[in-house]
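**Student:** Work the whole structure out from these sequences, hints included.
Number of protein chains: 2
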Amino acid sequence: MDIPKSHPRYESLLKREKIVEALDKGILAKPGLIAHGRGETFDYLIGEKTTDIALESIKAASALLVLAGNPVISVNGNTVALAKEEVVELAKELNGKIEVNLFYRTKEREEKIKKEFEKEIENGEIKLLGVDDANKQIPNLDSLRGNVSEEGIYTADVVLVPLEDGDRTEALVKMGKKVISIDLNPLSRTARKSTITIVDELTRCLPLLIKYVREYKNKSRDELENILNNYNNKENLKRMLNYIGDRLKSLEID
Amino acid sequence: MDIPKSHPRYESLLKREKIVEALDKGILAKPGLIAHGRGETFDYLIGEKTTDIALESIKAASALLVLAGNPVISVNGNTVALAKEEVVELAKELNGKIEVNLFYRTKEREEKIKKEFEKEIENGEIKLLGVDDANKQIPNLDSLRGNVSEEGIYTADVVLVPLEDGDRTEALVKMGKKVISIDLNPLSRTARKSTITIVDELTRCLPLLIKYVREYKNKSRDELENILNNYNNKENLKRMLNYIGDRLKSLEID
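Protein chains in written order, with this note's numbering: chain A, 1 to 254; chain B, 255 to 508.
Among the hints, erroneous ones may be present.
[To be verified] Calculated lysine to aspartate or glutamate pairs in the EDC-like style (CA-CA distance at most 16 Å, straight line): (1) B/LYS503 <-> A/GLU235; (2) A/LYS49 <-> A/GLU11; (3) A/LYS30 <-> B/ASP278; (4) B/LYS373 <-> B/GLU339; (5) B/LYS492 <-> A/GLU252; (6) A/LYS238 <-> B/ASP500; (7) B/LYS284 <-> A/GLU17; (8) B/LYS279 <-> B/GLU365; (9) A/LYS84 <-> A/GLU125; (10) A/LYS119 <-> A/GLU89; (11) B/LYS492 <-> A/ASP254; (12) A/LYS84 <-> A/GLU116; (13) A/LYS234 <-> B/ASP508; (14) B/LYS284 <-> A/ASP24.
Derived from the structure by calculation, the hints contain no laboratory data.
**Tutor:** Put into structure tokens, the structure is as follows:
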């Protein structure tokens with residue numbers, strides 16, 4: 001389908017096309033389409049823009065990523081479908097580590113996702129983990145979903161999980177890791193269990209994360225720790241619920 | 255996947271499975287999965303139960319259906335996937351007319367949907383329109399999406415459209431028809447343009463529609479008109495927005 005750029009829902013329709021394409025390419029499992037729809041509604045309710053509330057969590061997440069000794073970005077089918085370039089860009093600002101971590105894990109999908117990163121792996125820009133080396137196990141998760149790379153998530157101190165499920169988020173936190181999630185649903189278990197939750201759309205917040213990570217590299221450890229100490233995730237989520245609630249109540253039915 | 259009945263999200267997961275199955279069977283187009291996800295979020299926000307606000311619109315819709323001279327139930331892939339039995343049950347209480355009306359119309363999908371109703375067509379319980387007889391055109395819509403049956407939507411006075419798109423709803427209203435929509439998004443164009451909008455989940459509100467249609471057949475025309483006159487759709491939608499807004503603001507982040 002050809003979507004004219006002038007269409008009021010151009011961005012949203014374009015993302016929808018990317019998601020359908022990813023299903024056709026075998027990168028995405030079918031329930032990934034339903035998950036995308038759930039996110040669409042939340043984005044619509046927050047007004048399809050990055051709120052000041054989300055910006056605060058983006059800044060805290062950036063500080064945490066810069067302070068991290070061994071950060072890893074976890075990716076699934078939806079993330080690769082929507083934001084592969086941005087994920088690579090962010091990884092390059094960190095240690096280059098990206099780990100494939102699928103809810104519906106099949107060898108075929110893993111390989112297809114790996115292929116998407118072929119150029120960047122060859123260039124040495126990133127290190128793609130979790131496909132050929134997922135031989136460690138997250139405790140308290142069934143084997144397929146708990147398989148992780150020793151060099152990646154298993155030994156990471158900070159894990160960035162865009163679009164993650166609640167079980168895995170909780171299991172990672174229980175392992176003592178700091179988890180940054182990107183989740184449009186402020187009520188999800190992922191959102192509630194994460195160390196820092198960014199309630200924003202993936203392709204909109206990743207460029208901001210990249211920008212602040214770059215900027216914060218020039219800050220002292222004290223300054224960064226100060227940003228983190230002033231951040232309260234539960235309060236941030238509560239403010240987001242209030243924001244959406246107030247917004248809904250103020251909308252007119254024409 | 256085997257979902258245990260005790261799972262807190264059993265109903266929701268079961269519907270998700272039905273939707274994926276319908277894609278596999280060729281009844282549903284891929285964007286239908288994304289649309290299902292959008293609905294899931296709204297249902298989650300209204301608390302996954304029929305609100306008193308929705309019950310009012312169900313009652314008004316039931317009155318309108320009983321008063322109708324030539325009502326038609328329009329069905330698409332999502333509706334057939336989730337609620338075929340309920341749609342048949344409701345049609346049997348009316349004049350039996352069900353019309354297939356697809357956003358992404360292909361002959362193949364039409365035929366597959368028709369096949370789902372094979373038994374009921376043979377029994378004479380329902381009349382399935384819009385597949386072999388979609389030779390009339392709704393004004394102001396492109397040809398594929400505007401194709402309708404003369405005996406069905408084209409001459410209907412009341413059209414029930416579960417999960418319809420905004421363009422078509424608006425075009426039907428412009429033709430002078432009364433449109434009852436079932437739409438979990440109180441902000442959608444469908445919701446705003448319909449004569450009566452039921453903001454509720456399909457499989458939850460159809461049994462209620464059936465119940466009230468049965469009951470209202472015993473009411474006088476005056477009583478039914480009174481129910482309709484006391485119903486205000488814009489006000490109902492506004493109350494729904496307030497309800498969701500208040501609910502979000504009252505939720506605790508644990």
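**Student:** Are the hints correct? Go through all of them and say.
**Tutor:** Consistency of the hints with the structure:
no.: 1; hint: B/LYS503 <-> A/GLU235; result: holds (13 Å)
no.: 2; hint: A/LYS49 <-> A/GLU11; result: holds (12 Å)
no.: 3; hint: A/LYS30 <-> B/ASP278; result: holds (10 Å)
no.: 4; hint: B/LYS373 <-> B/GLU339; result: holds (12 Å)
no.: 5; hint: B/LYS492 <-> A/GLU252; result: holds (7 Å)
no.: 6; hint: A/LYS238 <-> B/ASP500; result: holds (13 Å)
no.: 7; hint: B/LYS284 <-> A/GLU17; result: holds (10 Å)
no.: 8; hint: B/LYS279 <-> B/GLU365; result: holds (12 Å)
no.: 9; hint: A/LYS84 <-> A/GLU125; result: holds (13 Å)
no.: 10; hint: A/LYS119 <-> A/GLU89; result: holds (13 Å)
no.: 11; hint: B/LYS492 <-> A/ASP254; result: holds (10 Å)
no.: 12; hint: A/LYS84 <-> A/GLU116; result: holds (8 Å)
no.: 13; hint: A/LYS234 <-> B/ASP508; result: holds (8 Å)
no.: 14; hint: B/LYS284 <-> A/ASP24; result: holds (10 Å)
Violated hints: none; the structure is consistent with every hint.
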